[in-house]
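Chains as they are written, first to last, in this note's numbering: chain L, 1 to 322; chain G, 1 to 155.
It is worth saying that the hints were derived from the structure and are not from the lab.
Quantities reported herein were computed from a predicted structural model and do not represent experimental measurements.
A portion of the hints provided could be inaccurate.
Some residues of chain G that are not near chain L, with every Cβ distance over 10 Å (derived) [what the hints assert, rightly or not]:
no., residue
1, L32
2, D42
3, E43
4, G48
5, S70
6, Q71
7, P82
8, K97
9, S111
10, V131
11, E142
12, T143
13, E151
14, S154
If you anchor each label on the Cβ, the simulated ranges turn out as follows [said to hold, decoys possible]:
no., chain 1, residue 1, chain 2, residue 2, range
15, G, E96, L, D71, 55 to 61 Å
16, L, R15, G, Q71, 36 to 42 Å
17, G, D148, L, E36, 54 to 60 Å
18, L, M56, G, R67, 56 to 62 Å
19, L, G202, G, R55, 32 to 38 Å
20, G, D148, L, H287, 43 to 49 Å
21, G, S39, L, T52, 51 to 57 Å
22, L, G202, G, E43, 45 to 51 Å
23, G, D54, L, E243, 52 to 58 Å
24, G, E65, L, R230, 49 to 55 Å
25, L, P32, G, A126, 41 to 47 Å
Residues of chain G placed beyond 12 Å of chain L at every Cβ, according to the derived structure [what the hints assert, rightly or not]:
no., residue
26, E65
27, A95
28, G108
C-beta: ideal position from N, C-alpha, C; glycine also.
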Amino acid sequence: MLDRNHVITAKNLSRADIETVLDRAAAIERDPPDRERHAGRLLGLCFFEPSTRTRMSFEAAIKRLGGDALDMGPVDSSSATKGESLADTVRVIAGYADALVLRHPSEGAATMASEFVDVPLLNAGDGAGQHPTQTLLDLYTMRENAGGLTDLTVGIMGDLKYGRTVHSLAYALTKFDASQHFVSPESLRLPRSVRYDLHEAGAQVREHDDLDEVLAELDVLYVTRIQRERFPDESEYRAVAGEYRIDAATMERAREECVVMHPLPRVDEIAPDVDATPHAKYFEQAHNGVPVRMALLDLLLDDADSGGAAGATDDSVNGGER
Amino acid sequence: MSERDDHELRVSKIQDGTVIDHIAGGHAPDVLAILGIDSSTDEVVSVGMNVPSDRLGHKDVVKIEGRELSQDEVDVISLIAPAASINIIREYGVAEKHRVERPDTVEGVLSCPNHDCISTEGEPVASRFAVLDDGVRCAYCETLIREDLAEHISV
Ligand SMILES: [Zn+2]
Chain L
1 MLDRNHVITA KNLSRADIET VLDRAAAIER DPPDRERHAG RLLGLCFFEP
51 STRTRMSFEA AIKRLGGDAL DMGPVDSSSA TKGESLADTV RVIAGYADAL
101 VLRHPSEGAA TMASEFVDVP LLNAGDGAGQ HPTQTLLDLY TMRENAGGLT
151 DLTVGIMGDL KYGRTVHSLA YALTKFDASQ HFVSPESLRL PRSVRYDLHE
201 AGAQVREHDD LDEVLAELDV LYVTRIQRER FPDESEYRAV AGEYRIDAAT
251 MERAREECVV MHPLPRVDEI APDVDATPHA KYFEQAHNGV PVRMALLDLL
301 LDDADSGGAA GATDDSVNGG ER
Chain G
1 MSERDDHELR VSKIQDGTVI DHIAGGHAPD VLAILGIDSS TDEVVSVGMN
51 VPSDRLGHKD VVKIEGRELS QDEVDVISLI APAASINIIR EYGVAEKHRV
101 ERPDTVEGVL SCPNHDCIST EGEPVASRFA VLDDGVRCAY CETLIREDLA
151 EHISV
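Extracted from the complex, chain L is given alone in its bound form (with noise of 0.2 Å):
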């Protein structure tokens, strides 16, 4: 499955791949695999950039699946800032694992250093680039609490330029046939590249700059944080910022159904008044990083136990439910 075995951005995932990824997920969670199935596989974590609960994340799943993580350590005292290319380093700690996960500052990292290894790579943030594996823990959330995955209407809001979780995301949602409503401030409305994407794969998008345009339609608000460094001045920041906070009062103008997510952490865009509703579902989108990790994980590792991508996929569908 997967695009020459690696994960690295959300475009390359197909909509069966998904499909495969959050059956396994729900699988592994209704019926936790034994702690052997896994035994002396080992998960290398490169984190150029520190991701304390990413990395968790990924550490959790590799262990419950009864392998390990190897951790390169701290980014200060890696070689990378002893001068080493990554393309060095991933293929370094490539010879030790039997897959990577790579964290790293600059757009395209993990499509180059796919490019140097053959084991297994999974993008775990890439700059403003790409997040999948964030993405397929949002699917899954959504499947779980919005009654499946087709004909949603979902309501993207906060930094849309540079949140990189919201361009997998809208990316993914566009082969289930989603639509999507974003809503930002103009100046961190969506890039270009990602205007460019969507429109190639016919997505119906609307652009908004006031929530109540279109809250009252949305099955799903997917909400993420405005960084206050990407203002020149604190007062600018704080106009535009509090025109896209959401609290309990908020909600009261939703669907009753309508589920809110955030990639987390929150700031103060969604008071915690909406924590006690029925909307808010973060908490468990956060939890089902382990689950859905561990469905990746399992698939891959199947994959490269049978010699390659067109190996054990057939199998391993059918073999998780249905």
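Here the structure of chain L is known, so what remains is to put chain G with the ligand in place on it, guided by the hints.
Structure of chain G with the ligand alone, referenced to chain L:
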């Protein structure tokens, strides 16, 4: 194309080399930039700019003495001058004539304008761009370049 174009004679015939014809008017300097020809060159180069043309209205023509272009060079010219034709001249005659064809990808000839792109950071990879109908796109960071392609040439 059997279009006869007497205007080509405005610049002198060359013995051996390349004539790049049907460059959109005003783009000859971009073509020269692609070929690395600037004021320091010692090649014999003739440039015709804004020559009347049946096909393009106005066109530019570049003639380079003693040099046959490589496929890489032709590929990049195709991005800036999609209507161009390349004539290889040997002994004052046209030995080969072909229209440029846009390749699917170009490698190592453009540099990515995104400063956060891994291809700009000293890694052991050449830049790589997918060629789209109306621009090019970095194979690493996916940045689109639609205008002013010539400014990103790194050959
Ligand atoms: Zn780039």
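Verification of the supplied hints:
no., hint, verdict
1, L32, "29 Å, holds"
2, D42, "37 Å, holds"
3, E43, "36 Å, holds"
4, G48, "36 Å, holds"
5, S70, "24 Å, holds"
6, Q71, "23 Å, holds"
7, P82, "20 Å, holds"
8, K97, "35 Å, holds"
9, S111, "13 Å, holds"
10, V131, "14 Å, holds"
11, E142, "5 Å, violated"
12, T143, "6 Å, violated"
13, E151, "17 Å, holds"
14, S154, "16 Å, holds"
15, E96(G) to D71(L): 55 to 61 Å, "58 Å, holds"
16, R15(L) to Q71(G): 36 to 42 Å, "38 Å, holds"
17, D148(G) to E36(L): 54 to 60 Å, "59 Å, holds"
18, M56(L) to R67(G): 56 to 62 Å, "59 Å, holds"
19, G202(L) to R55(G): 32 to 38 Å, "35 Å, holds"
20, D148(G) to H287(L): 43 to 49 Å, "48 Å, holds"
21, S39(G) to T52(L): 51 to 57 Å, "55 Å, holds"
22, G202(L) to E43(G): 45 to 51 Å, "49 Å, holds"
23, D54(G) to E243(L): 52 to 58 Å, "57 Å, holds"
24, E65(G) to R230(L): 49 to 55 Å, "53 Å, holds"
25, P32(L) to A126(G): 41 to 47 Å, "46 Å, holds"
26, E65, "40 Å, holds"
27, A95, "39 Å, holds"
28, G108, "14 Å, holds"
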